[in-house]
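Number of protein chains: 4
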Amino acid sequence: MMATIGAEVSAVRPGEVEIVLPFSDKILQQHGFIHAGAVATIADSACGYAALTVMPRDAAVLTTEFKINLLAPAKGERLRAIGRVIRSGKKLVVTLGEVFAEQGASSKQVALITATMMVVETGTGLRD
Amino acid sequence: MMATIGAEVSAVRPGEVEIVLPFSDKILQQHGFIHAGAVATIADSACGYAALTVMPRDAAVLTTEFKINLLAPAKGERLRAIGRVIRSGKKLVVTLGEVFAEQGASSKQVALITATMMVVETGTGLRD
Amino acid sequence: MMATIGAEVSAVRPGEVEIVLPFSDKILQQHGFIHAGAVATIADSACGYAALTVMPRDAAVLTTEFKINLLAPAKGERLRAIGRVIRSGKKLVVTLGEVFAEQGASSKQVALITATMMVVETGTGLRD
Amino acid sequence: MMATIGAEVSAVRPGEVEIVLPFSDKILQQHGFIHAGAVATIADSACGYAALTVMPRDAAVLTTEFKINLLAPAKGERLRAIGRVIRSGKKLVVTLGEVFAEQGASSKQVALITATMMVVETGTGLRD
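Chains as they are written, first to last, in my numbering: chain A, 1 to 128; chain B, 1 to 128; chain C, 1 to 128; chain D, 1 to 128.
Source of the hints: derived by calculation from the structure; they are not laboratory data.
It is possible that part of the hints are untrue.
Any copy will do: because identical chains look the same in the list, a pair fits if it lies in one copy or spans two.
As the list claims (entries may be wrong) - Quick list of in silico lysine to any residue cross-link-like pairs, SDA-like style, CA-CA up to 25 angstroms:
id, residue 1, residue 2
1, K90, M2
2, K26, L52
3, K26, K90
4, K90, M55
5, K26, P56
Start from the sequences, fold in the hints, and give me the full structure.
Here it is in structure tokens:
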């Protein structure tokens, strides 16, 4: 899905991951803005990968829920999503993410997300 | 975005819209399930289109926020999202949506969404 | 907390619980409407109790997250919250709730909630 | 409602408001923790008041939706909620809030909230 829309992980730090999504026609909605679904996809992925950075090597995570506020129409040269771990528990990891629309040197926040990731037991065969 | 992931509107009723998304490799995440972002994209679109069915012809809507609970891993032949209007106001329309994973004749709910759509004034030039 | 605001459980069915909150001065906000916090309190409680109806006798639940849409100002003789289980898993129970404002025989929906309950292991000593 | 549970505004800065809620028996749930509804009430109020700080003197706000993640059981001498404005628009103000449980000099985050406030036209007679 990340490759389909053209998104790439651009930075990984402990508890924090950045994803960049360049503008392209294939992620637009009917008004010419980037689709809320594309914004949510990179925001959710940044949060999920951030959760992985604080977990054991062989663990996996699944999103159980997220909520996103869309603050402004998403337009520009690229979107940058930053996901951060707020609390890491044995069963659940709660994360907070922000998405910015970038045009040249300017940057504007376009979305705010909170997401819960469930830690999947390795016995299930899932691994990240 | 809807075309990029292969989603299509399959039914439109007053206050209710259905979208179908056939399974394909391009919407998967790393475990082989359909990406939460793809699930959210069709759920949000079904809710947005449902909001449009209760508005004047020349009005437009933008998603201001949504929250999605992912109830089970999304896998199967196709996903079906159904969005319904819960309350329609002058400025905001609140919607509720469900996403089902279908395999042959069986169907299992995989997501639950609530979304708020903002009514955009036609003077802005936006139109749906 | 439920006693403090004057709320009472009015019906319990498998997977569904109703709570009634009579109007009183002590639950208002500054405009004379019932405070969003009071609406959320009974909606969350109805969802939590609904989750308990589908669990073993000695299990306990804790709310991990909820999202509430406030559809109209909450005013009237009483509020009625109805919480229902949407999906019951081993670790998490996802619920959906509605809150209605009642005046005589008329009823109007004023809130929509989705909530996730975490199943607490009995070894923790917590019990509902 | 704020008086009923014993909460008080403790700090007001442009775009940011703090509310303190001392521990008391009247805000507990069945396990002896502070009820999620009380946590949500002060978090929502802090966000609503924060929104008011960035608006004209005679404007009013109503919460249209909020989502809260409960990160840890709420217990201690007092709770402190901090609400901040993330984006202020003509119709909607989006806010982010945190709730901390305090015991002596120690502080632990117990909740994370995102809330949308609707700006109410003064012609309605509502005023904050």
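Structure-based check of all given hints:
1. K90 <-> M2: Intra 27 angstroms, inter 30 angstroms, cutoff 25 angstroms: neither.
2. K26 <-> L52: Between. Shortest inter-copy distance 23 angstroms satisfies the 25 angstroms Cα cut-off; intra-copy 29 angstroms does not.
3. K26 <-> K90: For K26 and K90, the Cα distance exceeds 25 angstroms both inside one copy (38 angstroms) and across copies (31 angstroms).
4. K90 <-> M55: For K90 and M55, the Cα distance is within 25 angstroms both inside one copy (9 angstroms) and across copies (21 angstroms).
5. K26 <-> P56: Neither: 36 angstroms inside a chain and 28 angstroms across chains, both beyond 25 angstroms.
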